[in-house]
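K.L.:
Sequence:
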Amino acid sequence: MNASEKEDTEIDATKILSNSENAKLKKKKKKVASNDADKRGVCYLSRIPPHMDHVKLRHILSQFGDIQRIFLVPQDPNAQVRVKRSRGSRDQAYSEGWVEFGNKNVAKRVANMLNGEQIGGKKRSSFYYDLWNIKYLSKFKWDDLTEELALKKATREQKLAVELSAAKRERDFYLSRVDQSRALDAIEERLKKKSKVQQESFQVAKVVRHFPQTKPIAADNKQNKTELSDDILDAVFGGS
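The numbering of the sequence shown is numbering that gives the first Met the number 0, which starts it at 0 and goes up by one.
Quick caveat, the hints were computed from the structure, so don't treat them as lab data. Hints should not be assumed to be uniformly reliable.
Stated by the list, open to error - Ranges between beta-carbon positions, derived for each pair: (1) Lys167 / Lys121: 48 to 58 angstroms; (2) Asp143 / Gln62: 23 to 33 angstroms; (3) Gln157 / Gln62: 33 to 43 angstroms; (4) Leu174 / Gln67: 45 to 55 angstroms; (5) Lys122 / Ala36: 34 to 44 angstroms; (6) Val72 / Ile118: 10 to 20 angstroms; (7) Lys167 / Asn102: 48 to 58 angstroms; (8) Ala165 / Asp142: 30 to 40 angstroms; (9) Lys167 / Val72: 21 to 31 angstroms; (10) Gly64 / Leu174: 51 to 61 angstroms; (11) Tyr173 / Val196: 28 to 38 angstroms; (12) Glu156 / Ile186: 39 to 49 angstroms; (13) Lys122 / Ser164: 47 to 57 angstroms; (14) Lys121 / Ile69: 14 to 24 angstroms.
Claimed, not checked - Keeping only pairs whose Cα atoms sit at most 27 angstroms apart, straight-line, the calculated DSS-like set for lysine-lysine is: (15) Lys134 / Lys107; (16) Lys38 / Lys134; (17) Lys122 / Lys134.
We put the CB at the ideal spot given by N, CA and C, even for glycine.
Please take these sequences and the hints and turn them into a complete structure.
P.N.:
So, in structure tokens, the structure goes:
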């Protein structure tokens, strides 16, 4: 084996060791992440008070324990009522949310302690009198949340597609009825015009016939009466 072949072999061996070390590091990281995820706990908030966002929620709950992640679901724009601030802007309203604590025991203790209690804080706070609606989700991981959200999104998109399809069918049916009504109106209008033209042409083509008048019966009777009288007179008086 010459020097170049020896160097190539050493380089290949280094690559193999490097790949092996990388694989071990990846496995170790996955294991640490898995163990870390098993230690964490997730709490569910069924209601998010108005004016509260993830920053304010983290600020309040951080005093009870270490918080990893927070996810809040924006309220439906068609159903939400936005509240104006004094400076004229509007707050984003949220319907529900999830909070991941670094320790599941802390998460469970926080949920049991706060659920149904007044949020409190500063009295001038808009959610001072609101109550906590929080529940610890046993054996629930953050990955389960992402899967659930993906499923909800797919279901929502499918429902929206069905509603849009129904709306399009209704629109097409309405437009077809409108076109049909317009066509019937056009046919009726043409028939009316045709009937009117026929009536006018019949009146123009109508011929007024004049019949000859006969002589009055009274005049004929008078003439006959006069002739009859002359004959009688000749017969009586012997005229020629």
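K.L.:
Work down the list of hints and note, for each, if the structure agrees.
P.N.:
Comparing the hints with the structure gives:
1. Lys167 / Lys121: 48 to 58 angstroms: 51 angstroms, holds
2. Asp143 / Gln62: 23 to 33 angstroms: Distance hint for Asp143, Gln62 holds at roughly 27 angstroms.
3. Gln157 / Gln62: 33 to 43 angstroms: 42 angstroms, holds
4. Leu174 / Gln67: 45 to 55 angstroms: 54 angstroms, holds
5. Lys122 / Ala36: 34 to 44 angstroms: 39 angstroms, holds
6. Val72 / Ile118: 10 to 20 angstroms: Distance hint for Val72, Ile118 holds at roughly 19 angstroms.
7. Lys167 / Asn102: 48 to 58 angstroms: 52 angstroms, holds
8. Ala165 / Asp142: 30 to 40 angstroms: 35 angstroms, holds
9. Lys167 / Val72: 21 to 31 angstroms: 29 angstroms, holds
10. Gly64 / Leu174: 51 to 61 angstroms: 60 angstroms, holds
11. Tyr173 / Val196: 28 to 38 angstroms: Hint holds: Cβ distance 35 angstroms, inside 28 to 38 angstroms.
12. Glu156 / Ile186: 39 to 49 angstroms: With Cβ atoms ~45 angstroms apart, the hint holds.
13. Lys122 / Ser164: 47 to 57 angstroms: At 51 angstroms between Cβs, range holds.
14. Lys121 / Ile69: 14 to 24 angstroms: Holds, at about 21 angstroms.
15. Lys134 / Lys107: 8 angstroms, holds
16. Lys38 / Lys134: Distance of about 17 angstroms is within 27 angstroms: holds.
17. Lys122 / Lys134: 25 angstroms, holds
Violated hints are absent here; each numbered hint is respected by the structure.
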